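Chemist: Respectively, the protein sequence lines represent chains H and L.
According to UniProt numbering, the first sequence holds residues 1 to 262 in order.
According to UniProt numbering, the second sequence holds residues 1 to 293 in order.
Keep in mind that the hints are not guaranteed to be accurate.
Claimed, not checked - In silico EDC-like cross-links for lysine to aspartate or glutamate, where the CA-CA straight-line distance does not exceed 20 Å:
no.: 1; chain 1: H; residue 1: K236; chain 2: H; residue 2: D29
no.: 2; chain 1: L; residue 1: K228; chain 2: H; residue 2: D119
no.: 3; chain 1: H; residue 1: K78; chain 2: H; residue 2: E191
no.: 4; chain 1: L; residue 1: K228; chain 2: H; residue 2: D137
no.: 5; chain 1: H; residue 1: K78; chain 2: H; residue 2: D119
no.: 6; chain 1: H; residue 1: K108; chain 2: L; residue 2: E164
no.: 7; chain 1: L; residue 1: K228; chain 2: H; residue 2: D90
no.: 8; chain 1: H; residue 1: K108; chain 2: H; residue 2: D121
no.: 9; chain 1: H; residue 1: K129; chain 2: H; residue 2: D92
no.: 10; chain 1: H; residue 1: K129; chain 2: H; residue 2: D90
no.: 11; chain 1: H; residue 1: K120; chain 2: H; residue 2: D137
no.: 12; chain 1: H; residue 1: K108; chain 2: H; residue 2: E125
no.: 13; chain 1: H; residue 1: K74; chain 2: L; residue 2: E75
no.: 14; chain 1: H; residue 1: K108; chain 2: H; residue 2: D119
no.: 15; chain 1: H; residue 1: K78; chain 2: H; residue 2: D162
no.: 16; chain 1: H; residue 1: K120; chain 2: L; residue 2: E164
no.: 17; chain 1: H; residue 1: K78; chain 2: L; residue 2: E164
no.: 18; chain 1: H; residue 1: K108; chain 2: H; residue 2: D162
no.: 19; chain 1: H; residue 1: K236; chain 2: H; residue 2: D201
no.: 20; chain 1: H; residue 1: K78; chain 2: H; residue 2: D29
no.: 21; chain 1: L; residue 1: K228; chain 2: L; residue 2: E164
no.: 22; chain 1: L; residue 1: K228; chain 2: H; residue 2: D92
no.: 23; chain 1: H; residue 1: K78; chain 2: H; residue 2: E125
no.: 24; chain 1: H; residue 1: K74; chain 2: H; residue 2: E191
To be clear, the hints were calculated from the coordinates, so they are not data collected in a lab.
Only a predicted model underlies this, so the values are computations on that prediction, with no experimental measurement involved.
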Amino acid sequence: MILQVENPVVEVHDLTVSYDRKPVLWGVDLTLPAGSLVGVIGPNGAGKSTLIKAIMGLLPASSGYIRIFDQPLKEVRKRISYVPQRESVDWDFPASVFDVVLMGRYGKLGFFNRPRRADKDAAMEALEKVGMQAFTDRQISQLSGGQQQRVFLARALAQNADIYFMDEPFAGVDIATETAIIELLRHMRDEGKTVVVVHHDLQSATAYFNWVILLNMRLVASGPTDQVLTQEMLEKTYGGKLTVLSKVGDLLRKQEFPSREA
Amino acid sequence: MNAFWIILTGSLVATCCSLLGCYLILRRMAMVGDAVSHAVLPGIVIAFLVTGSRDSVPMLIGAGLLGVLTTFLIEFFHRVARVQTDASIGVTFTWLFAIGIILISMFAGQIDLDQDCVLYGEIAYTPIDLWISEDGWILGPRAVWTVGSVAVVVILFIYLGYKELYLTAFDAAYAASIGISTSLWYYLLMSAVSLTTVASFESVGAILVVAFLVAPPATAYLLTDNFKTMLLLSVVIGVVASAAGYFLAVWLDGSIAGAIATVTGLEFLLAFLFSPSRGIWMNRRKLVPSPIN
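So that you can see chain H by itself, here it is in the shape it has in the complex (with noise of 0.2 Å):
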């Protein structure tokens, strides 16, 4: 089941991304309606984190090509922001967590130019919306991974940007954390932002994003949360591996007294 959209943000054609020469994505071919929370659902080593650096152009395409707001992303650099994997840096960097969110502004700065008031005004006003701005002058090495997640959130949130990628927000946060940057999430979309996320627990996923991308390798499929998110599907994506289809049973049980919370 892959629905295609008119006036799409973002749209994908023919996408291969190979590593070593051996394809980890295959001819995926999707578009994505503009003010959507999408998540992006798959089994380990499904693609889900190479499919969203390869939109970004972080990792070269083998083939395919991608446009941003109709355009090619070159022209649209400034209003893409990403949240990357949270370990993918080293926390003992000599940084406050001011720091870190001021380069969120870099972008917008270019070459040459200093940190203005305006900037400095946008990152403490991006840590407000997280809740962390009684960290502004922490030490990064002394936060917990929730607070590493919020300060990686405000970094982009400094960036004022149109779309956002991130890359598994929710992994190894707690409940209050997770509960927070999920009402962040749904208050960017209702100001029209795009948001997609890598996601990997199936029972939230129904209660989380309007739009949802299914893929293991190749793209199973792109759609609306209720016509994507059902057992064919799941089982299409996860094969029949026995853990997930106990967890499939989960969600079915979870759908006959669906939660109100959206």
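Since the structure of chain H is provided, determine the placement of chain L on it from the hints.
Modeler: Chain L alone, transformed into the frame defined by chain H:
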């Protein structure tokens, strides 16, 4: 006066090396300095054979090119052959250094260069090697001018590229996503390292260059959590080592470069023991149990 020139040369080398070293250790590439400082040898010999003079400019160019080639090869073997970075560094520089040694030994009769001078340098001779203008003006030691101009270039480079260097060292993927070319900044940084190494080691020798590239930044890292402070502190630590090392050498009547490198090691040891945030001594004191109230 000689003491002044020697300490000034040492301090200028320390400034360039420590500043760049801060970025290298945070990128976990501290040993690249080691690699570059050895791998430039064939470049120097070839530049000498081509031009037939020991003039600094062709040597700087020859060695600078080899330095950049070294960093390129390290990246290349790491990415294409998928060897670990440290293995890639090890293979590249020993191989290039060995070629340099063969070249020197083949043309030994014609070249006024030897392994000892390349490895250990001789900072004590810097006040003798004066730059005298055509009108007969004595403009001070040549080394001070070479290393001084490199110091100006390095400081300007870090001042202008501060944001980009900081971000690419911390989070390269994010930097790329906002349109900052990570490979451009990698090669700019590596070119600056090559330039510094090459300009410095004629006067101070490869071992002192490697010591300055790693020890002052590592010491500063133990002392502060703020990156700008780390840059400044590493320079101060390098300058202090140059001065203290000189007097230690005079007192011991030994090698100046060796004494300076020894002092950088001692400074690291002191920071390791007594750093307010990460020192062993301070942490032990913090671990004393306090009564529960």
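Chemist: Now tell me if each hint is right for this structure.
Modeler: Hints and how they fare:
Taken as a hint, the K236(H) and D29(H) pair is honoured in the structure, with Cα atoms around 17 Å apart against an allowance of 20 Å. A C-alpha spacing of about 19 Å is found between K228(L) and D119(H), which places the hinted pair at or below 20 Å, so the restraint holds. For the given pair, K78(H) sits about 18 Å from E191(H) by alpha-carbon distance, which is consistent with the 20 Å threshold. A distance of roughly 14 Å separates the Cα atoms of K228(L) and D137(H); the hinted pair therefore holds under the 20 Å criterion.
For the hint linking K78(H) to D119(H), the alpha-carbon distance of about 15 Å falls within 20 Å, and the restraint holds. Between the alpha carbons of K108(H) and E164(L) the distance comes to roughly 12 Å, so the proposed pair stays at or under 20 Å and holds. For the given pair, K228(L) sits about 18 Å from D90(H) by alpha-carbon distance, which is consistent with the 20 Å threshold. At roughly 14 Å between alpha-carbon atoms, K108(H) and D121(H) fall within 20 Å of each other, so this suggested pair holds.
Between K129(H) and D92(H), the direct Cα distance comes to roughly 25 Å. Violation of the 20 Å bound is thereby established for this hinted pair. Restraint check: the Cα-Cα separation between K129(H) and D90(H) comes to about 24 Å, which exceeds 20 Å; the hinted pair is violated. For the hint linking K120(H) to D137(H), the alpha-carbon distance of about 13 Å falls within 20 Å, and the restraint holds. The hinted pair formed by K108(H) and E125(H) meets the criterion: a straight-line CA distance of about 17 Å does not exceed 20 Å.
Distance restraint check for K74(H) and E75(L): the Cα-Cα separation of roughly 26 Å exceeds the 20 Å cut-off, and the hinted pair is therefore not satisfied. Between K108(H) and D119(H), the direct Cα distance comes to roughly 9 Å. Compliance with the 20 Å bound is thereby established for this hinted pair. Proposed proximity of K78(H) and D162(H) is supported: the alpha carbons are some 9 Å apart, at most 20 Å. As the CA atoms of K120(H) and E164(L) are separated by approximately 17 Å, the hinted pair is consistent with the 20 Å bound.
A hinted pair counts as satisfied when its Cα atoms are at most 20 Å apart, and K78(H) with E164(L) qualifies at roughly 16 Å. A threshold of 20 Å between alpha carbons decides the hint, and for K108(H) with D162(H) the separation of about 14 Å falls inside it, so the pair holds. Under the criterion of a C-alpha separation no larger than 20 Å, the hint pairing K236(H) with D201(H) is consistent with the structure, at around 17 Å. Only pairs whose Cα atoms come within 20 Å are accepted, and K78(H) paired with D29(H) is rejected, the gap being roughly 24 Å.
At roughly 14 Å between alpha-carbon atoms, K228(L) and E164(L) fall within 20 Å of each other, so this suggested pair holds. With a CA separation close to 15 Å, the supplied pair K228(L) and D92(H) stays within the 20 Å bound. Simply put, K78(H) and E125(H) have alpha-carbon atoms about 19 Å apart, close enough for the 20 Å limit, and the pair holds. Taking the CA atoms of K74(H) and E191(H), the gap is about 24 Å. The hint is violated against a cut of 20 Å.
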